[in-house]
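Asker: Here is how the chains run, residue by residue.
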Amino acid sequence: MRIDLAGVLLLLAASGAVQAASPQDMLKEYEAQAKREKSGFAGFSAARGEQLFRAKHTVDGKEVSCTTCHTSDPRQAGKTRANKEIKPMAPSVNGERFTDKAKTEKWFKRNCGDVLKRTCTSEEKGDFITFLLTVK
Amino acid sequence: MGKIWRILLLLSVVTASGALLADDDEDEHEGRRGGHRSSDLPVLTHAAWETECSGCHMAYHPGLLPERSWRKLMDGLDKHFGENASLDDSVREDITRFLVANSADHSSARRSQKFAASIPANSTPLRISETRYFRAKHDEVKASVWKREKIGSPANCGACHQGAKEGDFSEDRVSIPR
Numbered sequence: 001m002r003i004d005l006a007g008v009l010l011l012l013a014a015s016g017a018v019q020a021a022s023p024q025d026m027l028k029e030y031e032a033q034a035k036r037e038k039s040g041f042a043g044f045s046a047a048r049g050e051q052l053f054r055a056k057h058t059v060d061g062k063e064v065s066c067t068t069c070h071t072s073d074p075r076q077a078g079k080t081r082a083n084k085e086i087k088p089m090a091p092s093v094n095g096e097r098f099t100d101k102a103k104t105e106k107w108f109k110r111n112c113g114d115v116l117k118r119t120c121t122s123e124e125k126g127d128f129i130t131f132l133l134t135v136k
Numbered sequence: 001m002g003k004i005w006r007i008l009l010l011l012s013v014v015t016a017s018g019a020l021l022a023d024d025d026e027d028e029h030e031g032r033r034g035g036h037r038s039s040d041l042p043v044l045t046h047a048a049w050e051t052e053c054s055g056c057h058m059a060y061h062p063g064l065l066p067e068r069s070w071r072k073l074m075d076g077l078d079k080h081f082g083e084n085a086s087l088d089d090s091v092r093e094d095i096t097r098f099l100v101a102n103s104a105d106h107s108s109a110r111r112s113q114k115f116a117a118s119i120p121a122n123s124t125p126l127r128i129s130e131t132r133y134f135r136a137k138h139d140e141v142k143a144s145v146w147k148r149e150k151i152g153s154p155a156n157c158g159a160c161h162q163g164a165k166e167g168d169f170s171e172d173r174v175s176i177p178r
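If you read the sequences in order, they're chains E and U.
Numbered as in the working numbering, the first sequence ends at 136 without a single skipped number.
Numbered as in the working numbering, the second sequence ends at 178 without a single skipped number.
Careful, some of the hints might be misleading.
[What the hints assert, rightly or not] So, partial list: chain E residues that the calculated Cβ filter (under 8 angstroms) puts toward chain U:
| id | residue |
| --- | --- |
| 1 | Q24 |
| 2 | K28 |
| 3 | A77 |
| 4 | A82 |
| 5 | K87 |
| 6 | K109 |
| 7 | D114 |
Note that these hints are calculated values from the structure, not bench results.
Where a beta carbon is used, it is the ideal one built from N, C-alpha and C, also for glycine.
Chain U with its partners taken away, still in its complex shape (with noise of 0.2 angstroms):
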């Protein structure tokens, strides 16, 4: 190979590796502290939380939504998205107070401010998908591809987010199944 088409080869990696680079999710180059990154959720642990809430879908981390949110969800469990999810007092007052603690809007992780940030002060909204936010990131997932078999709709956070159980929704740990 000659040395132009080595230089020109050269360029063309570098060129595309900064495009990719340029293309990535801004939360990707805020590095990582500890092992984990700083826009990531806080790992919490919150036996009721993970139990009760893990039995038909994924414990959505509390700071996925807003403090009014959680209270709105938490009041109507035996109508929970068309099903009775009721639970005995103690418990469900137990897990409001975790999520009221640790929602987006008492929190210091920066994925969770910029959740809070772009719900609307007059609206409560029940479904983390319908958040601006959520909307923003997921803008370029087709409808086909929400309805795989291995995913099924946006409520399914772990299909694609390896790291969704620990708070860790960034860009470099999706992996979307065929």
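With the rest of the complex left out, here is chain E (with noise of 0.2 angstroms):
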């Protein structure tokens, strides 16, 4: 019974996490976010955004981008390195692009990680959000 109870609930959560979301409520989020982070916060600019996007770094050795996989036109498909496509970033081609939270978060996490050694900031987040809705 109380695995029953455990899974109604999981499920609950599951089909909060997938509800759809634009990337606009997506960004009033971020935005919400980046302001408890930084008290200076003055608003996401998509400038920032492109540059964090086409940004090398040095990572063991090597030099790599979020370019690097998803090449330097967010509106064309991307490679991963085990040779499995990767669809464009640009919500403007690709509307499943910044409509899951979770899913979002998930790669936000893992590329920041991979890329820059370290999470990315709301500020971030939003800024690169905001870029790529600019991409048409």
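Fit the two chains together into the complex; they arrive one by one in their own frames, and the hints show the way.
Answerer: Right, here's the structure in full:
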């Protein structure tokens, strides 16, 4: 019985997590978080987001960037190191992008960790999405 | 065409097809049961395994590695072949249970048993392509072939094995892209 209850709770949690959200909804959430994290927060910037997307870093002697896997054009499909296609990053060509908060958070955690060797701030996440929304 | 020639031609065709069969994989003679070969890995479904593991590569069938390998792999997802592939604890545990229950050393599929038998007891491989069974099966594939644009590396099973997603690695469903 206890297991059933746990299952129901898990289902409820899962259905909440996959509830359709728009990139704009997600930006509002990141904005609220950014205000809490940084006292002087003055809004997101597409220019900073683009910088973050294109910045090159050296990890274990290799030059890496978001563009290593995602290509330098967010409208293009990218490729994982294991040769699997990555759908385009720009919401203008891939309507699934930034509509699932749990998925977005999972990938920010992994990829900021791999490329920047740290977690990204809410401001950076918002800048990044703001930039990608400008790519038509 | 003279009668002798026709007989010779027929003979050469028979010999050639015999040679082809002899060269064939032993698995090819096991026959189909309900459309699925007995050597095939069972078709499995598990939502989290399919979604999470196929994010960067094909969701590898649990029957391709033994339990100890899956446990070690799932314990090191934050450093997964040089990448952070970390998962929430509940999802990770759910997938680990599924992998273990269907792992090579807990499977009745013949191919899984061959994988398991080819791994020394004191070794815990994390790459399927490191196992002796995999190596023996691919010993004729040259390094240049693995590196072809449409293949990339031995991690990309589906590039050549048309039935990889369904656990069908039989030789007659192999088509190596140019």
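Asker: Evaluate each hint against the coordinates.
Answerer: Quick rundown of the hints versus the structure:
1. Residue-level restraint check for E/Q24 is violated (minimum Cβ-Cβ distance to chain U is 25 angstroms; threshold 8 angstroms).
2. Evaluation of the E/K28 hint against chain U yields a violated restraint, the C-beta minimum of about 24 angstroms exceeding 8 angstroms.
3. For E/A77, the shortest C-beta to C-beta distance to chain U is roughly 14 angstroms, which exceeds 8 angstroms, and the interface hint is violated.
4. Because the closest C-beta pair between E/A82 and chain U is about 4 angstroms apart, less than 8 angstroms, the hint holds.
5. Violation of the interface hint for E/K87 is found here, the shortest Cβ-Cβ separation to chain U being roughly 11 angstroms, above the 8 angstroms cut-off.
6. For the restraint placing E/K109 at the interface with chain U, the shortest Cβ-Cβ distance is roughly 7 angstroms, inside the 8 angstroms limit, so the hint holds.
7. At a threshold of 8 angstroms, the smallest CB-CB gap from E/D114 to chain U is about 5 angstroms, leaving the interface hint in force.
Checked against the numbered hints given earlier, this structure breaks hints 1, 2, 3, 5; the rest are met.
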